[in-house]
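**Q** Please work from the sequences and hints to get the whole structure.
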Amino acid sequence: MCAGAAYAVYSAHHQQITEKKTMRQGVINDIKRDRLKRRTMEQQQRDLEQQHEPQQ
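Counting from 1, position 37 in the sequence shown corresponds to residue 37 in UniProt numbering; the numbering is continuous, with no gaps.
A few of these clues could be false.
Cβ pair distances, simulated, as ranges [said to hold, decoys possible]:
hint: 1; residue 1: ALA3; residue 2: ASN29; range: 52 to 60 Å
hint: 2; residue 1: SER11; residue 2: ASP34; range: 34 to 42 Å
hint: 3; residue 1: ARG39; residue 2: ALA8; range: 44 to 52 Å
If you're looking for bench data, these hints aren't it; they were derived computationally from the structure.
C-beta atoms are modelled at their ideal positions from N, C-alpha and C, and glycine is treated no differently.
**A** Listed below in structure tokens is the structure:
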């Protein structure tokens, strides 16, 4: 019975660690996606501004 309980604790702990890593990677991916989106929007804004500059 004691070995079964120890395995259950180990299994639950291992699962929690795995879930934590997965969630953390999701946060990192979200940050990367947000940065890329912001850079893209900034570049599009610069492109629009250049198109609307008076021609000299």
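**Q** Taking 44 to 52 Å as the stated bounds, is the beta-carbon spacing between ARG39 and ALA8 within them?
**A** holds (47 Å)
**Q** May I ask you to test the hint 52 to 60 Å on the CB atoms belonging to ALA3 and ASN29?
**A** Because 39 Å falls outside the window, the suggested range is violated.
**Q** Okay, SER11 versus ASP34 on CB: inside 34 to 42 Å?
**A** holds (35 Å)
In this structure, the one hint that does not hold is number 1.
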